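Protein chains in written order, with the working numbering: chain A, 63 to 548; chain B, 23 to 510.
I should point out that these hints are in silico values taken from the structure, not numbers from a laboratory.
Predicted model only: the values in this text are computed from it and were never measured.
Any given hint could turn out to be false.
[What the hints assert, rightly or not] Incomplete in silico selection of chain A near chain B, CB under 10 Å:
{"hint": "1", "residue": "119"}
{"hint": "2", "residue": "159"}
{"hint": "3", "residue": "208"}
{"hint": "4", "residue": "286"}
[Said to hold, decoys possible] Anything over 12 Å on all C-beta distances counts as not near chain A; from chain B, calculated:
{"hint": "5", "residue": "64"}
{"hint": "6", "residue": "69"}
{"hint": "7", "residue": "127"}
{"hint": "8", "residue": "153"}
{"hint": "9", "residue": "258"}
{"hint": "10", "residue": "262"}
{"hint": "11", "residue": "263"}
{"hint": "12", "residue": "268"}
{"hint": "13", "residue": "343"}
{"hint": "14", "residue": "363"}
{"hint": "15", "residue": "367"}
{"hint": "16", "residue": "379"}
{"hint": "17", "residue": "398"}
{"hint": "18", "residue": "433"}
{"hint": "19", "residue": "437"}
{"hint": "20", "residue": "473"}
The beta carbon of each residue, even a glycine, is placed where N, CA and C say it ideally should be.
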Amino acid sequence: MPEPAAERRYEPVIGLEIHVQLSTRTKMFCGCELSFGQEPNSRTCPVCLGHPGVLPVVNAEAVHYGLMIGLALDCRIAPRSLFHRKSYFYPDQAKNYQISQYDVPLARDGRLGDVRVHRAHLEEDAAKLVHAGASGRIHSASGSTVDFNRGGTPLVEIVTEPDLRSAAEAAEWLRLLRATLKRLGVSDVNMEEGSLRCDANVSIRPVGQATLGVKAELKNMNSFRFLQRGIEAEIVRQEELVRGGGEVTQDTLHFDPRTGALTSLRSKEEAHDYRYFPEPDLVPLAPTEPMLERARAALPELPAERAERLERELALSADTARLLAYRGELGDFFEAALAANGGATADGAADARTLASWVTVELVPRLGDREPADSPVTPDALAKLAGMVSSKAVSQSAAKQVLDAMAEQGGDPEQLVAERGLALAGADELGEIVDRAVASNRDAVEQVRSGNGKAIGAIVGAVMRETKGRADGGEVQRMIRERIGF
Amino acid sequence: MADSPSDVVALTAAQAADAVRARELSASEVFDVYRRRAEADDLNAFLSLAEPASPSTDSDAPLAGVPLAVKDIFCVEGVASTAASRILEGYRPPYTATVVERLAAAGAPMLGKTNMDEFAMGSSNENSPYGAVRNPWNRERVPGGSSGGSAAAVAAGLAPWSIGTDTGGSVRQPAALCGLVGLKPTYGSVSRYGMIAFASSFDQAGPITRDVTDAALLYRHMVGRDPCDSTSLDHREAIALPAGDRLDGVRFGVPPQLAAEGEGIQAGVLEVFERAIERIEELGGSVEEVSLPHAEHGLAAYYVLAPAEASANLARYDGVRYGRRDGDGDLVSLYEQTRENGFGDEVKRRIMLGTYALSSGYYDAYYGRAQRVRTKIAEDFAAAFERVDLIVTPTSPSVAFRLGERTGDPLAMYMSDYCTVPMSLAGIPAISIPGGLSDGLPVGLQLAGPAFSENRLLEAAHAIELGIGFEGVPVGADGRGAGEAADA
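Working from the sequences, and respecting the hints, build out all of it.
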């Protein structure tokens with residue numbers, strides 16, 4: 063007998079559909095330049111306004127970017143892919159159909175990280191509708207205007223297989239995709255501004271069941287946080303529904319980040335019949351070998367590979383390697399610092415793991431919203447500072463004070479250390495200070511001798527106070543033990 | 023100098039261009055004569071005319087200022103271009119069609135925009151909200167369609183030549199019914215940019231002229247790849263002006279499916295066709311039977327595919343951005359009322375047919391199947407052209423029919439395209455030339471060849487034209503057709 067629904071354990075099954083606005087100079091099918099907040103409808107022409115008699119012409123650079131994405135996602139590139147017309151009446155489509163790829167997409171059967179990529183195809187973006195009135199929705203608007211500047215912007219739509227099993231996994235994978243696209247230089251990948259948009263298909267099924275449950279499509283999650291929260295909310299909703307004896311129905315849901323609520327946009331009964339058919343105004347897209355060669359040559363080292371390399375070659379932890387690789391600018395900064403460091407083995411140089419920690423643990427919080435390249439801290443300077451710590455020219459804690467100053471106004475760490483008198487005390491000076499501290503802390507010395515090792519902290523503290531942090535804690539401990547013969 | 027306007031009108035366009043280049047006529051004289059005649063148009067052939075002042079043209083240009091009647095389906099910057107549809111009322115395009123631009127650059131300024139079936143959907147020019155066009159051979163009869171205005175204007179000597187568009191026969195059939203030459207070029211040889219789309223995988227612009235030489239001359243300046251049209255190609259050879267008067271060694275094929283055994287082909291039409299075949303043999307051509315086994319399904323396939331494409335092409339006429347706008351302020355009524363009031367019945371019928379054929383669950387049975395028929399027909403032609411150089415058929419199953427005769431019966435109207443649609447499905451070039459008269463009305467002879475065989479086609483058409491010696495346009499100085507009394 064099957065166990066009752068209420069007691070069963072369920073697993074979420076998640077697939078993502080991502081729309082990426084390409085950062086080409088011009089639109090997908092006409093010569094209009096892309097718009098970045100220009101006067102509404104100033105970047106339009108007869109083609110992207112859908113005038114009578116106009117014809118689309120495929121943007122070669124968009125194809126190049128599409129091929130780069132397809133190759134970066136390890137897809138098979140179709141020898142001849144097709145454009146179709148996807149018909150629906152709405153004022154955001156000048157032609158009342160969208161030119162998109164349908165049954166033969168540019169790229170298919172790929173993989174990024176642990177997630178299989180079903181397909182990636184080229185299409186055109188819709189125009190932007192502005193609804194006057196309180197709700198901001200077309201149904202109750204007192205009037206609407208259309209800004210066609212965005213209409214016709216090249217898009218690549220990437221569809222994953224349903225390989226994700228949690229909201230956190232989905233957000234993590236989207237970060238990898240975003241880093242990959244950013245590394246390719248094919249998009250601004252800004253979720254808030256809509257150059258990277260993600261929909262999620264979410265379903266649940268009893269653990270162990272192979273077939274997929276009925277899915278809901280979640281739209282409008284324009285940040286990683288909203289994506290994660292939206293999926294989490296939907297999983298909870300579906301589980302409650304099923305445990306209560308109900309059934310999930312196919313639905314499109316709109317996530318409201320303010321309330322966290324999911325509202326239905328349209329149900330299956332009103333699903334569109336898009337009446338796809340091959341776009342007769344375009345010929346099949348058949349990439350030539352030179353086109354493929356150019357796309358392959360344009361591929362940089364991608365984040366997944368980079369993380370793997372940093373982990374393998376430099377023995378960084380998986381988390382650190384991923385952080386550096388997924389935030390490409392940070393990885394670039396780290397690798398520049400490593401080069402300036404003269405490699406991990408040179409005298410007076412920090413090893414790679416230490417340097418990575420200086421970048422990821424110390425520098426990152428001091429950057430705020432800035433990219434590393436925009437901070438006054440240069441890779442050379444950070445490498446030098448880390449090297450000074452490793453060669454015991456400055457203590458760890460003093461070095462952090464120096465980094466604070468560098469993050470504010472830049473500067474050379476050696477000079478800052480000298481100016482502020484933060485150099486580690488010399489052996490003679492330190493010896494005298496340690497002697498004095500041992501002499502004036504007899505109680506603590508006795509306790510250490512009688513087996514309470516922790517008591518040494520009081521003596522170390524006294525030395526640190528007197529040196530104002532210009533001493534290495536480990537070295538101080540060693541000198542104290544030497545003196546009290548323990 | 024010409025002695026009178028009728029001397030100018032008596033010249034073919036190529037002759038007029040020669041006369042201008044030889045300084046026997048001035049370009050402005052030619053323009054003025056035709057501008058006046060077009061203004062006196064009583065066939066309803068023109069929807070609008072160019073400014074009366076003759077445009078300054080280069081008398082040494084290839085087309086030497088000989089003006090051109092342009093079907094209203096072509097966009098011309100700043101000039102009302104409506105495809106004879108109320109939905110584009112008041113629309114003035116911000117750009118000009120490539121073909122119109124190329125012909126103007128070659129020295130053929132626009133004389134005016136001609137009437138047509140709305141969005142090129144029709145075979146009689148009766149589907150125009152601006153009224154039917156009359157056939158100058160007999161004013162109670164249709165000029166054919168959809169390029170009826172372009173054909174009637176040339177036939178009546180209101181324009182020296184014109185351009186139309188051919189989707190399933192819209193250049194060839196009106197040329198046939200008006201006793202003219204009409205060329206439907208190889209698909210892709212002429213840019214479609216700026217041609218208001220009906221069915222994109224079929225639409226081609228073509229010349230409608232008094233004789234084959236004029237057609238060749240005009241076509242020569244229409245062809246060529248256009249960066250704005252991805253489906254356009256450069257012609258494989260320069261277009262020559264035809265010179266030959268013999269057909270020695272040329273092999274002609276007659277497909278019985280589109281001739282003697284064709285559905286609904288009038289006896290009078292077949293008689294003229296048979297005489298033309300005899301003439302071809304007298305000129306040295308050989309004639310044999312070839313089979314186009316799938317041709318009879320062409321019409322059915324065409325009337326699925328063309329409306330399917332049209333249903334998407336015409337979706338943009340929604341009142342949002344240009345043209346007519348009706349409605350009560352909400353989006354749905356904007357769409358519904360604009361399209362309800364803006365489109366005529368035939369256009370609505372085809373949008374419905376096409377929408378249905380593309381709908382989920384019906385796509386394979388209609389659109390998919392029709393595409394397979396299209397492929398079969400193209401294969402039939404390819405096989406036939408292994409054996410013969412050119413295929414010859416009647417252009418239209420009937421001579422010009424009476425106004426109103428078929429308006430109540432869409433299927434009877436669709437049958438007008440029976441002989442022309444197979445070539446459109448295959449994307450191959452075909453030309454209609456006058457083959458003779460039946461009951462005082464012109465009968466067209468259609469020649470078709472493989473893709474990009476226009477030179478061969480024009481050369482053969484020229485020889486047949488000379489051999490038949492068709493009397494040409496029955497136009498007097500008053501612009502009335504000589505065949506006027508045929509029905510009276």
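Comparing the hints with the structure gives:
1. 119: It holds, given that the least Cβ distance between residue 119 (chain A) and chain B is near 5 Å, below 10 Å.
2. 159: Holds, because the Cβ-Cβ distance from residue 159 (chain A) to chain B comes to roughly 5 Å (cut-off 10 Å).
3. 208: At 7 Å from the nearest chain B Cβ, residue 208 (chain A) passes the 10 Å test, so the hint holds.
4. 286: Nearest chain B Cβ about 34 Å off; hint violated.
5. 64: holds, 29 Å
6. 69: Non-interface label on residue 69 (chain B) holds, nearest chain A Cβ at 15 Å vs cutoff 12 Å.
7. 127: holds, 18 Å
8. 153: At roughly 22 Å from the nearest Cβ of chain A, residue 153 (chain B) sits farther out than 12 Å, so the non-interface label holds.
9. 258: Consistent with the label, residue 258 (chain B) stays out of reach of chain A, its closest Cβ about 17 Å off (over 12 Å).
10. 262: Given that every Cβ of chain A is farther than 12 Å from that of residue 262 (chain B), nearest at about 28 Å, it holds.
11. 263: holds, 30 Å
12. 268: holds, 39 Å
13. 343: violated, 6 Å
14. 363: holds, 17 Å
15. 367: holds, 20 Å
16. 379: violated, 9 Å
17. 398: holds, 18 Å
18. 433: Nearest chain A Cβ is 24 Å from residue 433 (chain B), so the label holds.
19. 437: holds, 25 Å
20. 473: The claim stands: residue 473 (chain B) keeps its Cβ more than 12 Å from every Cβ of chain A (closest is about 15 Å).
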